[in-house]
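There are 2 protein chains.
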Amino acid sequence: MTSHGQPDTYVLGVDSGGSGLRVALGTAGADAPLATVACGGPVRTGPRGIDAAHLLDQVLPAVRGLLDGHAPGGRITAAAVGAAGMATLGDGLRAELPGALADALGVRRIALAADAVTAYAGAVGQRPGAVVAAGTGLIALGTDLTEWRRADGWGHLLGDSGGGAWIGRAGLDAAMRAYDGRRGGSRALLARLEAVFGPPQELPGLLYPRADRPALLASFAPEVAVCADRDPVAAGILREAAAHIAEAAAAVCPEAEADEDGYEVALTGGLFRMGEPLLVPLREELAQLLPRARAVPGSGDPLIGALRIAQALDTGGLRLPRHPTLLCVPAPGPRS
Amino acid sequence: MTSHGQPDTYVLGVDSGGSGLRVALGTAGADAPLATVACGGPVRTGPRGIDAAHLLDQVLPAVRGLLDGHAPGGRITAAAVGAAGMATLGDGLRAELPGALADALGVRRIALAADAVTAYAGAVGQRPGAVVAAGTGLIALGTDLTEWRRADGWGHLLGDSGGGAWIGRAGLDAAMRAYDGRRGGSRALLARLEAVFGPPQELPGLLYPRADRPALLASFAPEVAVCADRDPVAAGILREAAAHIAEAAAAVCPEAEADEDGYEVALTGGLFRMGEPLLVPLREELAQLLPRARAVPGSGDPLIGALRIAQALDTGGLRLPRHPTLLCVPAPGPRS
Numbered sequence: 061m062t063s064h065g066q067p068d069t070y071v072l073g074v075d076s077g078g079s080g081l082r083v084a085l086g087t088a089g090a091d092a093p094l095a096t097v098a099c100g101g102p103v104r105t106g107p108r109g110i111d112a113a114h115l116l117d118q119v120l121p122a123v124r125g126l127l128d129g130h131a132p133g134g135r136i137t138a139a140a141v142g143a144a145g146m147a148t149l150g151d152g153l154r155a156e157l158p159g160a161l162a163d164a165l166g167v168r169r170i171a172l173a174a175d176a177v178t179a180y181a182g183a184v185g186q187r188p189g190a191v192v193a194a195g196t197g198l199i200a201l202g203t204d205l206t207e208w209r210r211a212d213g214w215g216h217l218l219g220d221s222g223g224g225a226w227i228g229r230a231g232l233d234a235a236m237r238a239y240d241g242r243r244g245g246s247r248a249l250l251a252r253l254e255a256v257f258g259p260p261q262e263l264p265g266l267l268y269p270r271a272d273r274p275a276l277l278a279s280f281a282p283e284v285a286v287c288a289d290r291d292p293v294a295a296g297i298l299r300e301a302a303a304h305i306a307e308a309a310a311a312v313c314p315e316a317e318a319d320e321d322g323y324e325v326a327l328t329g330g331l332f333r334m335g336e337p338l339l340v341p342l343r344e345e346l347a348q349l350l351p352r353a354r355a356v357p358g359s360g361d362p363l364i365g366a367l368r369i370a371q372a373l374d375t376g377g378l379r380l381p382r383h384p385t386l387l388c389v390p391a392p393g394p395r396s
Numbered sequence: 061m062t063s064h065g066q067p068d069t070y071v072l073g074v075d076s077g078g079s080g081l082r083v084a085l086g087t088a089g090a091d092a093p094l095a096t097v098a099c100g101g102p103v104r105t106g107p108r109g110i111d112a113a114h115l116l117d118q119v120l121p122a123v124r125g126l127l128d129g130h131a132p133g134g135r136i137t138a139a140a141v142g143a144a145g146m147a148t149l150g151d152g153l154r155a156e157l158p159g160a161l162a163d164a165l166g167v168r169r170i171a172l173a174a175d176a177v178t179a180y181a182g183a184v185g186q187r188p189g190a191v192v193a194a195g196t197g198l199i200a201l202g203t204d205l206t207e208w209r210r211a212d213g214w215g216h217l218l219g220d221s222g223g224g225a226w227i228g229r230a231g232l233d234a235a236m237r238a239y240d241g242r243r244g245g246s247r248a249l250l251a252r253l254e255a256v257f258g259p260p261q262e263l264p265g266l267l268y269p270r271a272d273r274p275a276l277l278a279s280f281a282p283e284v285a286v287c288a289d290r291d292p293v294a295a296g297i298l299r300e301a302a303a304h305i306a307e308a309a310a311a312v313c314p315e316a317e318a319d320e321d322g323y324e325v326a327l328t329g330g331l332f333r334m335g336e337p338l339l340v341p342l343r344e345e346l347a348q349l350l351p352r353a354r355a356v357p358g359s360g361d362p363l364i365g366a367l368r369i370a371q372a373l374d375t376g377g378l379r380l381p382r383h384p385t386l387l388c389v390p391a392p393g394p395r396s
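For the record, the sequence lines run as chains A and B. 61 is the number of the first residue of the first sequence in the numbering used here; add one for each residue after it. 61 is the number of the first residue of the second sequence in the numbering used here; add one for each residue after it.
Hints in this document: simulated from the structure, not taken from any laboratory. Check the hints yourself; a few may be wrong.
What follows is a list of derived Cβ distance ranges for each label pair [to be verified]:
id : chain 1 : residue 1 : chain 2 : residue 2 : range
1  : B       : Pro102    : A       : Arg187    : 42 to 48 Å
2  : B       : Gly101    : A       : Arg243    : 35 to 41 Å
3  : A       : Arg187    : B       : Gly101    : 56 to 62 Å
4  : A       : Gln348    : B       : Glu315    : 38 to 44 Å
5  : A       : Arg333    : B       : Arg209    : 36 to 42 Å
6  : B       : Arg270    : A       : Ala164    : 36 to 42 Å
7  : A       : Arg247    : B       : Gly106    : 33 to 39 Å
8  : B       : Asp163    : A       : Arg290    : 21 to 27 Å
9  : A       : Arg243    : B       : Arg270    : 31 to 37 Å
10 : A       : Arg247    : B       : Arg247    : 36 to 42 Å
Even glycine gets a Cβ: it sits at the ideal position worked out from N, Cα and C.
Model the full assembly from the supplied sequences, consistent with the hints where possible.
Here is the structure:
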């Protein structure tokens, strides 16, 4: 049953990320999805950014399969598509996807969201607050429900400070310092480098020709965490990462909106699975920079966030601020 | 006249770098080259590393032209080829170049050197000491004339700490922090970013698709120097770069070899054209880490270094240590 009291209508959340595409089917009333499915690898990008046709080719059969299996005869009334790179790569998607979804599924209410926004919606919901979404990269997004504030997310050469690639790169730098006999080196990290990658002098030849350099750097971040309890250089790297994460959170927090209870800073994404070696210094840095904030694990992932946006859209209750690239809600098309 | 007392014999220095190929013709006795010529763009690299045939295709006509113009009837008795990437990319060159040079020019004594070694030979000569060669990247090389010590030169993701790409990246990071409102930002550097690259939020789209990302990062290093006299963040970046440069020098210095006068640390490469904003903190950091070292500008560039190695080879007086990848001197072929 939907909140409109009409049976047979459903909402759709789509999460298109670097590691693949997932779809969730839900109803406007229920918090949890009816069903979710992973439906293919990363969506191609072309000269106009994310390839809308390639996305649809993967999403539409998955949606029809979900409807057939879980809601025979049902129709989709609202959909939200969250995509990595929407802010910079979403021109093609914004131009083509709403019409195509309307044509193919009869969906009239559609939202296109940057993955940081679906991360926010999944982790925080429709309240004021902030999210730090961190994996290989790192971005912080906050809102007072009037406007969005964004910090970092600039990629491994311009920022993503404190994210997985940043931590891994700092760890490899410290390992190479030890190999050279330079100040600031860590023999513990050098031993991990040798165990993971082989001879240090051959690491440049392994790393630079690859297209997925940030991911390779990030793959070393857990080694830094492993060394942190006995190696001061590794612990220092995580302390500095924690400071950068807190700085990004502080730049986007809606301080003015905080009531007596303060407000939540949700931490979401694979980086925080690193656990206490990162979370202990992070809680300390957050306490110093944002004394009224409560750091909490995000309650839902970006797919759940996309579904929540679609649910809110369906009931006319979307409180998150519209934004040309972060959260774009085209006017509904004519009823099909 | 050569040192063998035979007229008509000459020596050859070749410098193959990222920005192109240069050749110098000299005699064993005279310090300065008879003539130098630039002869083409960067040498191709293939699966076996630097492409020996492509290098020869450009070098041989240039050598014949130099001989015709400056030493008609002369012949080359010794040659030294310095190449960027020799340490990691030189397998093909080491296998093919000596025989090919012997066949084409009758050269019997040949040295193949990493560009850091030709930088050393150009800047320091055949004495114990150390060189820091810095442009987009940064490498330090030192010797007590028994063995080489190398530090850094690991590329922009693993090190090159304090080099041009490192300084430029740190400057852009500080600019993006100011744009976000994060701690550690510099409004002066943000203004320079906007003047040079345009809207900050479009910089990731400009940078990441390019193949020459390190060069683009390094192009921002002079902007950091320009801001340093009035902006503490920019000054802090150059102070940290200076510390990294001193750390690399300290890791390779032949401390035990120093006589009462101490020893020289030669600073060579385009980075040091940045001048006082970098050199003032660098002299301070060197004085602290290496109190017996004298920082000096390198006397000659890598092309002059290659020529000096060829001269020393010709007279049997090469004192710089042999090394499988840094300075490789194959046994002389049969006299042609």
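Against the structure, the hints:
Separated by about 56 Å at the C-beta atoms, Pro102 (chain B) and Arg187 (chain A) break the suggested range of 42 to 48 Å. Between Gly101 (chain B) and Arg243 (chain A) the C-beta distance comes to about 38 Å, which sits within the given range of 35 to 41 Å. Take Arg187 (chain A) and Gly101 (chain B): their Cβ atoms lie about 58 Å apart, and the range 56 to 62 Å holds. Take Gln348 (chain A) and Glu315 (chain B): their Cβ atoms lie about 42 Å apart, and the range 38 to 44 Å holds.
Checked against the hint of 36 to 42 Å, the C-beta distance between Arg333 (chain A) and Arg209 (chain B) comes to roughly 40 Å, which is consistent with it. Hint check: Arg270 (chain B) to Ala164 (chain A), Cβ distance near 37 Å, so the stated range 36 to 42 Å holds. For Arg247 (chain A) and Gly106 (chain B), the Cβ-Cβ distance of about 37 Å falls inside the hinted range of 33 to 39 Å, so the restraint holds. A hinted range of 21 to 27 Å for the beta carbons of Asp163 (chain B) and Arg290 (chain A) is inconsistent with their spacing of about 58 Å.
Between Arg243 (chain A) and Arg270 (chain B) the beta carbon distance is about 32 Å. The supplied range of 31 to 37 Å therefore holds. A C-beta distance of roughly 40 Å is found between Arg247 (chain A) and Arg247 (chain B), which places it inside the suggested range of 36 to 42 Å.
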